[in-house]
Amino acid sequence: MVLSHRLGEWAGHAPVLEEEVALANIALDLLGQARVLLSLVGDEDELAYLREERAFRNLQLVEQPNGDFAHTIARQLYFSVYQHLLYERLAAGDGEFAGLAAKAVKEVAYHRDHAEQWVLRLGDGTAESHERMQSGLEALWRFTGEMFQPVEGLDAAGTTAATGTTGTTDTAGATGTSGSGSGVDWAELESAWLSAVTATVERATLTLPTGPRSGAWAAGAGRQGLHTEPFGRMLAEMQHLHRSHPGASW
Amino acid sequence: MAAVTADQKTQSTSGTAKAAGTGAGPAAGGAPDAADAALLAAFDAAVAADDRIEPRDWMPEAYRATLIRQMAQHAHSEIIGMQPEANWITRAPSLRRKAILMAKVQDEAGHGLYLYSAAETLGTSREELLDKLHAGRQRYSSIFNYPTLTWADVGAIGWLVDGAAITNQVPLCRCSYGPYARAMVRICKEESFHQRQGYELLLALSRGTEAQHAMAQDAVDRWWWPSLMMFGPPDDASSHSEQSMAWKIKRHSNDELRQRFVDICVPQAEALGLTLPDPDIRWNEERGQHDFGAIDWTEFQQVLKGNGPCNEQRITQRRRAHEEGAWVRDAAAAYAAKHTTPSTRTAQPAQHVEETA
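Residue numbers (this note's numbering), protein chains in the order written: chain A, 1 to 250; chain B, 1001 to 1357.
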């Protein structure tokens, strides 16, 4: 939902008309996925519009401001590759989310392809685009560690979801035994992610960032409701109208 | 949001259209030779028989110029028209409404793409047309120079602005130029859907809390007259119309379409439980149509001249998006140049988008 919102901010500002369509398309897919997930938990609008910043559990990565097109694409690369690999694994399992993941995996495969194609174009395009793409990758790198932290609560829910999963032996050939109980082997997911991102980055003639992959706070802060400063402002804008008319339906 | 093509007929009295008025033949170059006369006769016969003119067919230069101007203006309206609605994407009050609005703005970008492609069949290019838009040499519909001040404006735009656009555009599905007519068939389907969504949004507000009802009424009050202006100047001031009707680009006069729109809206407003801000609207038994009040043509001219509430803002944002995106387009071009020949790579961006849009 949060990333969808960020992508929605691009409407009317994209560099080419095709990207207006593509970014809106991705935003819509993500919003659709979010609505399904939120509805499993409760009322989607109550969850979206009436929670405060500290109650949001999204990754810090997805709340990062759009920046220039390269920053948006870097964020999208990191997240879409992650989401694609994660959903493939969930879809292969037999848990609660397998059906949802199987449906969403087709969408996120497209998002991933879109992001990878743009990383190639920008990285291997002009000197300026190369520099901007590299800077986008660097700026968002610190938020990538968070994606692979087992999530308390979610992981417990996932236990029922994917007990005895052997499906995680697929793509990367890593062992499928998961220590966390989520059915997802986070370490294996991380190494699959790293090799996929590395391959794209290198093919794009760029360099994989070398900085730390989490900030001073432990990776996983977003999952604990600890966010970055721009997020509160984003929520203020998103929630303002809904909160101004308590109890109204739209 | 839908685009409209009627409202700027007056000031675009391009010299070219005059130079080769219908019956006059290729008058500009002096005595027409026999071959030209035969081509023109064949063209006129095709138009008279309601045949479609296709890109490779011969056509009078003035017909080509008029179509390029009109289709460009239509395409520009789609992309400028994204702005007033996109203004509310981040503030949409429910996730369902947000999804609907995002999908609508995405459709508008798609309509822009169809229309630029259709215009390109006439020998121009999207880049050239965008340059003209950015330089203020081609226009977009006056309606998009009004601001969206509340959420209800999104509904009013859907109901009234898209409604007016559809009234204008449905006859374009029978336009004599084939690529334009075909684009309009696809566009009108989506526009009708948007209009219903806008109406439904307003209905929810009108039946909602007192504050929501007031918000809906205020939006309708602000958008009603500008929507009527979308049909363009009155017939006696619309010099371009006659030629366009003779060429069957246009099928009905501005005033005819405006009247049709008013007659459609009056009962819809009643069903919505909202009023239209015109004390002079009443049913005229004799005419079998509604009478309505006078339009403020001074305001209309001001907006067309660039002095509307948002003219500056809209064009500045469009220019900025284009300028700030230049390095991205350069990168894509440079990459394509490096990688076209031995390409084992997958799709180009445009194809990619169309598959999934």
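There may be inaccurate statements among the hints.
What the hints assert, rightly or not - Here are the simulated DMTMM-like pairs of lysine to aspartate or glutamate, each with C-alpha atoms no more than 20 Å apart in a straight line:
{"hint": "1", "chain 1": "A", "residue 1": "K106", "chain 2": "A", "residue 2": "E88"}
{"hint": "2", "chain 1": "B", "residue 1": "K1338", "chain 2": "A", "residue 2": "E202"}
{"hint": "3", "chain 1": "B", "residue 1": "K1338", "chain 2": "A", "residue 2": "D124"}
{"hint": "4", "chain 1": "B", "residue 1": "K1305", "chain 2": "A", "residue 2": "E128"}
{"hint": "5", "chain 1": "B", "residue 1": "K1338", "chain 2": "A", "residue 2": "E88"}
What the hints assert, rightly or not - Each pair of labels, with its calculated beta carbon distance range:
{"hint": "6", "chain 1": "B", "residue 1": "P1309", "chain 2": "A", "residue 2": "P65", "range": "22 to 30 Å"}
{"hint": "7", "chain 1": "A", "residue 1": "R203", "chain 2": "B", "residue 2": "T1209", "range": "34 to 42 Å"}
{"hint": "8", "chain 1": "A", "residue 1": "D43", "chain 2": "B", "residue 2": "T1209", "range": "40 to 48 Å"}
Stated by the list, open to error - Reference excerpt, derived from the structure (chain A facing chain B, CB under 10 Å, subset only):
{"hint": "9", "residue": "A11"}
{"hint": "10", "residue": "T126"}
{"hint": "11", "residue": "Q134"}
{"hint": "12", "residue": "E138"}
{"hint": "13", "residue": "W141"}
If you're looking for bench data, these hints aren't it; they were derived computationally from the structure. Backbone N, C-alpha and C fix where the C-beta goes; we use that ideal spot for every residue, glycine too.
These are the hints, each one checked on the structure:
The hinted pair formed by A/K106 and A/E88 meets the criterion: a straight-line CA distance of about 9 Å does not exceed 20 Å. For the given pair, B/K1338 sits about 16 Å from A/E202 by alpha-carbon distance, which is consistent with the 20 Å threshold. Restraint check for B/K1338 and A/D124: satisfied, since their Cα atoms lie roughly 9 Å apart, inside the 20 Å limit. A distance of roughly 38 Å separates the Cα atoms of B/K1305 and A/E128; the hinted pair therefore is violated under the 20 Å criterion.
For the hint pairing B/K1338 with A/E88, the CA-to-CA distance comes to about 33 Å; that exceeds 20 Å, so the pair is violated. For the hinted restraint 22 to 30 Å between B/P1309 and A/P65, the CB-CB distance of approximately 29 Å keeps it satisfied. Against the hinted window of 34 to 42 Å, the Cβ-Cβ separation of A/R203 and B/T1209 comes to about 55 Å, which falls outside the hint. Under the hint 40 to 48 Å, the C-beta atoms of A/D43 and B/T1209, about 18 Å apart, miss the expected range.
Taking 10 Å as the C-beta cut-off, the interface hint given for A/A11 holds, the closest approach to chain B being about 4 Å. The criterion of a C-beta within 10 Å of any C-beta in chain B is met by A/T126, whose closest approach is roughly 5 Å, and the hint holds. Violation of the interface hint for A/Q134 is found here, the shortest Cβ-Cβ separation to chain B being roughly 13 Å, above the 10 Å cut-off. Evaluation of the A/E138 hint against chain B yields a violated restraint, the C-beta minimum of about 18 Å exceeding 10 Å.
Checking A/W141 against chain B: minimum C-beta separation of about 21 Å lies over 10 Å; hint violated.
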